[in-house]
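Those protein sequence lines, which keep their order, are chains D, Y and P. Numbered continuously in my numbering, the first sequence closes out at residue 137. Numbered continuously in my numbering, the second sequence closes out at residue 327. Numbered continuously in my numbering, the third sequence closes out at residue 96.
For the record, the hints were derived by calculation from the structure and aren't laboratory data. Watch out, some of these pointers could steer you wrong.
One-sided and incomplete, this derived list gives chain Y residues near chain D with beta-carbon spacing under 8 Å [claimed, not checked]:
no. : residue
1   : Thr94
2   : Val166
3   : Pro175
4   : Phe176
5   : Val180
6   : Thr204
In this text, a Cβ means the ideal position worked out from N, Cα and C, and glycines have one as well.
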Amino acid sequence: MSTSDGWLAAALVPLLALVPVLWRIAYGSPGDRLIGQNLTSLLAGLVLLLAAQGFHRTSYNDVALVVSVLGPTGTLIYARFLDVLPDSRLVRWTALVGVPATVLPLCVATGPGRAMAKLLLIGVLLIAGSVVTSGRGAREGVTA
Amino acid sequence: MSPRVRLWVFLVGAAGFAALFAAACLDLPAFGTVPHPYGVRAVHAALSHHTANVIASVNFDLRAFDTLGEESILFSAVIGTVVLLRQARDEHRKDPEPATVHPPVRRFALLTLPFALLVGLYVIAHGQISPGGGFQGGVVAATALHLLYIAADYRALERVRPLTLYEIGEAAGEAAYVITGLAAVLAGSAFLANVLPFGTLATLSSGGTAMVLNAAVGLEVTSGIVVLLARFLDQAVEIEEPGEGGGSPRDTRDSGGNGDDERERA
Amino acid sequence: MTDVLIVVALLLVAGAATAAVLNRDPMRQALVLSFLGLALALLFTFLQAPDVALSQLAVGSAVTPLMILLTVRKVRRRPGSGDGVDKPAGRER
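Whenever a hint applies, use it, and build me the whole structure from the sequences.
Rendered as C-alpha cells:
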C-alpha cells in the first residue's frame, strides 16, 4: 500500500463515521439532529484534509478551510431558529482528539511552510468552532 | 387523478426512465479512464493563457460567454426576489426586537466574521490559481456578513449593511463583466476575448481577462446574495401582514424551554 | 482506494437524499439537506472536482439553510397557518 493510499484509507474512518450520524439526523430528537449537523461538518473537514494529502493536492485544503469557517456558522444558524444549542461531549471530544490526530501527522508529512501554517489554521478553526457550538450551558440565552 | 392512477403513471414513467437510463449508461466511456480530447485541449489552452486553475480558464476564458449567461441568471433571480418580496401596501414594518445571545457564541461569531470575510476574499482572489473563484468566494463573503445576525440580531446587521451599496455593487459587477467583454471588441478582437497581458503563471495577476471577469463575478455574487438574504430577513423578521397576530414570532415560544414542542406540533 | 471512497460517498448521498424525501417536517428536511450538501461536497472532492465541491459547500452549508429557515418562520407566522387553510403551510401537516 503506497503512502497516498494510506492517507485515503485514513480518510475512510471519518467518512464511515458519517453513516450513524446520518441516521441520527434523519430520525433523532431535535437536539440530536443539531449535534449530528455539527458532527457532520467536523468529520467532513477531517475527510477533506486527509483526502487532499492522499491526492497530493495541497490546494484542496481550501475546501476544508471553507468547511471549517462555514460549518459552525451553519450550526449557529440552526441553533438560532431551533432554539437549542445542545451540550455535546461527543462533538467536543471528537474535535479535541480527532483534529490533532489528523492535523499533526499531516503537518509532519507536509513539512514547514505555508501549507503547514494553513493546516494548523484549519485545525484551530475546526476545534474552536466545535467547542463553541457544543459548549456547556450554551443552551440558555440563545433565543431568536 | 386518484392515488391509484397516479401511482400507475409514476410506475410507467419510472420504468421508461430506468430503461433509457440503463441503455445510456451502457454506452458511457469506462469510469475514470482515458483522458478526454476536450480535457487535453482545455488544459493546453489554460496553460497557454497562464491560468493555473484550468476550471477558471474554462469558465472565464474559453467559455466566458456561458458564464455571462450564468451570472445574468443570478442577477435576474435576485431582481425577481426583490420584486416579489417587497413590502406590500397593506403590510407594515416593525422594529425587530433585540435578541439575547450566549456570550461565547457572540464572541465566536464576532471573531469568525473578519476571518470568514478574509477567506471569502482569498477564494475570490485566487480563483485563477487554486480551486474556487468569484462565485464560491462571493457566497462565503456574503455569509460572513450574516455572522453579525448570529452574533447579535437583525438590527445590528442592518446598521452595518447599507443595502443600496450592495444593490449598486450587484449591478456594477454585472456591468463590469459586459464592459470587459466590450473592451475586447474595442481592442479589435472578439467579445469577451482574452486581450490583456497574461502575466506570470500562478500569480495573482495572471490569466489576463480571466482575472478581471472573476473579480466582477465575485462582486456581483457577494452583493447579490446579501441583497437576496436581506429580502428574506425583512420578510421573516420585520414585515408584518395585516391581521398577523400581534407582535413578534418570539412571543409564541418560551425562550429555550419548549422550542422543541413548538416545532413538533407543526 | 479512491474507488472505495467514491462508493461510500455515493451511498451516503443516496441515503441522505432518500431521508430528505421521507421526512415531512421542513425543519428536519433542512438538516438532512445540509448533510446531503456535505456528502455531495465530499463526493465531488473524491472525483477531483474541488471547484464544484466549493460551490456546493458555499451554498449548501449556510445560505440555503438560512433561506429555508427564514421562509418556514414567515409561513408559520401567517394567520391561519395553524389549521392549514393557507396554501403554503398546508404541506407541513
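So, going through the hints one by one against the coordinates:
Hint on Y:Thr94 is violated. Least Cβ distance to chain D is approximately 18 Å, over the 8 Å limit. A cut of 8 Å between beta carbons decides the hint on Y:Val166: the least distance to chain D is about 6 Å, and the hint holds. Given the 8 Å rule on beta carbons, the hint for Y:Pro175 is violated: about 11 Å separates it from the nearest Cβ of chain D. Checking Y:Phe176 against chain D by beta carbon gives a least distance of about 7 Å; that is within 8 Å, so the hint holds.
A hinted interface residue such as Y:Val180 counts as satisfied when its beta carbon comes closer than 8 Å to some beta carbon of chain D; here the least separation is about 5 Å, so the hint holds. Evaluation of the Y:Thr204 hint against chain D yields a held restraint, the C-beta minimum of about 6 Å falling below 8 Å.
Checked against the numbered hints given earlier, this structure breaks hints 1 and 3; the rest are met.
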